[in-house]
Every structure is written in structure tokens, then in C-alpha cells.
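Enquirer: Sequence:
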Amino acid sequence: MPPLIDNTDVSTIYEIPISFYKQGLHEILGSKLKINVKPKVDGLERLVGIIKRNLVSPQRIVNIAICGKYTELGDSYASIFESLIHVSANLDILVKTTVIDSTNFDEGMLKGIDGVVVPGGFGGRGYAGKIRAIKYARENNIPFLGICLGMQLAVIEFARNVCGIFDADNKFEDAKNEILWFKSVFGDDFYLELQRHGIKQQDIVNEKLIAYSIELNVSLTVSNDSHYVNKEDATAQDIIVCIGTGAKRSDPNRLKMETNEFYLKTQEEMCKLFRDLPGALANTLKIAEKCDEFEIKFPGPIFPEYQVPSEFDTLSQYLEHLTLEGLKFRYANVTDSIKALE
1 MPPLIDNTDV STIYEIPISF YKQGLHEILG SKLKINVKPK VDGLERLVGI
51 IKRNLVSPQR IVNIAICGKY TELGDSYASI FESLIHVSAN LDILVKTTVI
101 DSTNFDEGML KGIDGVVVPG GFGGRGYAGK IRAIKYAREN NIPFLGICLG
151 MQLAVIEFAR NVCGIFDADN KFEDAKNEIL WFKSVFGDDF YLELQRHGIK
201 QQDIVNEKLI AYSIELNVSL TVSNDSHYVN KEDATAQDII VCIGTGAKRS
251 DPNRLKMETN EFYLKTQEEM CKLFRDLPGA LANTLKIAEK CDEFEIKFPG
301 PIFPEYQVPS EFDTLSQYLE HLTLEGLKFR YANVTDSIKA LE
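Numbering-wise (the UniProt record's numbering), the sequence shown opens with residue 1 and increments by one.
A few of these clues could be false.
[As the list claims (entries may be wrong)] Pairs of lysine-lysine, BS3-like flavour, derived with a Cα cap of 25 Å:
(1) Lys256 with Lys200
(2) Lys176 with Lys200
(3) Lys286 with Lys265
(4) Lys286 with Lys208
(5) Lys272 with Lys208
(6) Lys290 with Lys183
(7) Lys286 with Lys272
(8) Lys34 with Lys52
(9) Lys208 with Lys183
(10) Lys52 with Lys40
(11) Lys272 with Lys200
(12) Lys96 with Lys135
(13) Lys32 with Lys135
(14) Lys22 with Lys32
(15) Lys248 with Lys183
(16) Lys272 with Lys231
(17) Lys135 with Lys111
(18) Lys231 with Lys208
(19) Lys52 with Lys96
(20) Lys111 with Lys96
(21) Lys200 with Lys231
(22) Lys256 with Lys231
(23) Lys231 with Lys265
(24) Lys38 with Lys22
(25) Lys265 with Lys290
(26) Lys52 with Lys22
(27) Lys111 with Lys200
(28) Lys52 with Lys32
(29) Lys135 with Lys176
Don't read these hints as lab results, they were simulated from the structure.
Make the full structure from the sequences, and use the hints.
Expert: See below:
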């Protein structure tokens with residue numbers, strides 16, 4: 001008669017290997033596989049003993065919130081749950097977890113919480129809730145652990161709410177990909193533009209653009225965003241903005257320019273402002289010369305000449321083909337009604 005192994009419910013999954021060991025399952029398997037290895041379960045027995053004791057009469061309870069967006073999928077954060085069980089045993093405490101849906105986050109959900117974990121994730125859904133949870137933890141001195149995306153969002157939260165970089169986002173890699181795409185299309189006619197208006201956020205972006213210029217071998221150019229002619233016209237321009245937006249100048253939250261540097265600067269002023277980037281200054285003239293060399297022939301617009309593949313007779317046929325291919329890319333099933341939209 002084959003041996004029977006009892007596998008009844010236990011208070012913690014970590015107790016199952018001990019139960020199997022006590023019933024001699026390792027000896028049965030060892031005999032079948034012709035190996036003789038005695039498992040070491042002493043450490044596991046100690047772990048299980050602490051876990052079981054704290055389930056019944058914990059010496060201390062710690063409440064941990066896991067703020068994520070995959071809350072309906074129980075196994076999504078399984079590794080975090082198990083890690084907290086290990087922490088419980090190591091510190092001889094009971095960790096109680098609360099899962100919070102970051103897409104419907106409210107600060108009241110973190111009342112009574114001793115620690116916040118923001119795990120990894122993909123896509124922008126739930127970003128705002130996670131950042132608000134991180135902000136609440138920071139402002140209320142609640143211990144915080146950011147994993148993967150969670151740590152990236154912690155950096156963004158700090159940049160926005162402590163450093164004053166209000167438009168900080170996780171977009172630098174996207175920008176790099178966009179630069180590479182434009183370079184592939186325009187070649188040497190593509191430039192990265194720098195402006196300096198005395199704005200802190202703009203200086204941070206400029207540093208990144210200069211780094212990308214070196215890394216991706218893309219030329220720099222400089223310009224100035226001009227909304228009025230003279231520097232002393234800044235106040236008049238500010239009044240015009242207030243009239244246009246229906247706001248008062250005393251309103252701190254109204255639309256306004258952050259500095260008075262948005263005027264038409266002279267060549268001398270631009271050279272002084274960008275004296276550390278002589279190549280970018282020279283490229284400004286180079287672009288102007290390229291524009292002078294380009295001649296627009298009149299009358300009417302000029303369209304590029306496309307080479308029609310041999311399997312098509314006309315440009316119209318080729319355009320129709322490309323349109324239908326685009327439909328297949330955007331729609332899983334191209335029905336007659338979708339085709340009729342063209």
C-alpha cells in the first residue's frame with residue numbers, strides 16, 4: 001500500500017514543509033529518487049513558531065499600507081506580502097497589511113498607518129494617487145518604501161513639492177526617443193533649442209538638452225522667447241495678460257510670466273547670456289543662412305515627389321493602400337463600416 005501523507009489546513013503556509021518532514025515525506029521521495037538528503041528545518045520551525053505566536057498574541061502590531069493599482073489581482077503583490085511575513089518573524093512582530101487602490105486614493109486611507117509601500121507598475125494609471133500617498137507619508141513622517149516605479153515617483157514628488165520643479169515628470173527617456181526620431185527624419189537640419197529666461201525649471205531642462213546633444217550628436221542652437229520689445233515693457237505685457245484672462249494682478253494663482261526676460265534681446269545680450277556655448281550661438285547664424293538659401297517658388301504650395309512602388313499605378317492607389325494598412329494597425333477587425341469612414 002502506498003504511503004499516505006496528511007495535508008490538512010495550517011495557520012501559515014510555512015508550516016506545511018514541517019508537517020511533511022514530520023511525516024517522513026523526504027524519506028519517501030529520497031528512496032524513490034535514490035538520494036539521501038536530510039532537510040534542515042530548525043530555522044523554519046523557529047520562523048513558524050514566531051509567526052504563529054504573533055497571530056494569536058502579538059507583542060506589537062505594525063500597520064503597513066501597500067498603495068498600488070493592481071489591487072483586484074491578489075497575486076500581483078505576492079512577493080511583498082511574503083517579504084512582510086519574513087520581516088514579522090525577524091522582528092518578532094505582527095505586520096498587518098492594507099491594500100489601497102491608487103486610482104481612488106484619499107488621504108484618510110492612511111490614517112493609523114505605520115508605513116507605506118508603493119510598489120512597481122506600468123503605465124500612467126494611478127500615478128496621481130501614488131504621488132499623493134508619497135507626499136502624505138513624507139509630510140507626516142511615515143516610513144516609506146518605494147519599489148521600482150514607486151521610487152521614481154518619490155523622486156518626482158520631492159522635485160515638485162520640495163524643490164519647486166512643478167512640472168517634474170518621468171519623461172526624460174521619452175524625450176530621448178523623440179530626439180532620435182526627429183534626427184532620423186531631419187538629419188543635420190535638426191537642432192536642440194536652448195532658452196534662458198532666469199527660470200529654475202528651464203535651467204534643469206537645458207542641462208539635460210546639453211547632455212543629450214553630446215550623447216546623441218545633435219547640434220544646439222539658442223533663442224529667446226520674445227513677447228514684447230523692451231525689458232521695461234514687462235509690466236504692460238503683464239497687464240495685457242490679465243485683461244485677456246479676466247484676472248487681477250493681485251491674484252497669486254493667475255497666468256503670468258515668471259520673469260521680465262521675455263523681451264527682444266540684442267546680439268550683444270544673447271552673446272553674453274550664452275557665452276559658455278559659442279557653438280550654439282554660431283548655429284543660430286548657420287540656420288539663418290540655410291533659410292536664405294532656401295527658395296520658395298510661387299505660385300502655390302510645393303509637394304514632395306514620392307516614388308510610387310512598382311505594384312501601384314498612381315499615388316492615389318498607394319495612398320489608399322497605406323490608409324488600409326493603417327486601419328489594420330489601429331483596429332483588430334477592419335469591418336466594412338470602418339472602411340466606409342475613408
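Enquirer: If a hint holds in the structure, say so; if it does not, say that too.
Expert: Right, here's what the structure says about each hint:
no., hint, verdict
1, Lys256 with Lys200, "holds (16 Å)"
2, Lys176 with Lys200, "holds (21 Å)"
3, Lys286 with Lys265, "holds (19 Å)"
4, Lys286 with Lys208, "holds (23 Å)"
5, Lys272 with Lys208, "holds (21 Å)"
6, Lys290 with Lys183, "holds (17 Å)"
7, Lys286 with Lys272, "holds (19 Å)"
8, Lys34 with Lys52, "violated (35 Å)"
9, Lys208 with Lys183, "holds (17 Å)"
10, Lys52 with Lys40, "holds (20 Å)"
11, Lys272 with Lys200, "holds (19 Å)"
12, Lys96 with Lys135, "holds (22 Å)"
13, Lys32 with Lys135, "violated (57 Å)"
14, Lys22 with Lys32, "holds (18 Å)"
15, Lys248 with Lys183, "violated (44 Å)"
16, Lys272 with Lys231, "holds (16 Å)"
17, Lys135 with Lys111, "holds (14 Å)"
18, Lys231 with Lys208, "violated (28 Å)"
19, Lys52 with Lys96, "holds (14 Å)"
20, Lys111 with Lys96, "holds (14 Å)"
21, Lys200 with Lys231, "holds (20 Å)"
22, Lys256 with Lys231, "holds (15 Å)"
23, Lys231 with Lys265, "holds (9 Å)"
24, Lys38 with Lys22, "holds (12 Å)"
25, Lys265 with Lys290, "holds (22 Å)"
26, Lys52 with Lys22, "holds (18 Å)"
27, Lys111 with Lys200, "violated (35 Å)"
28, Lys52 with Lys32, "violated (33 Å)"
29, Lys135 with Lys176, "violated (28 Å)"
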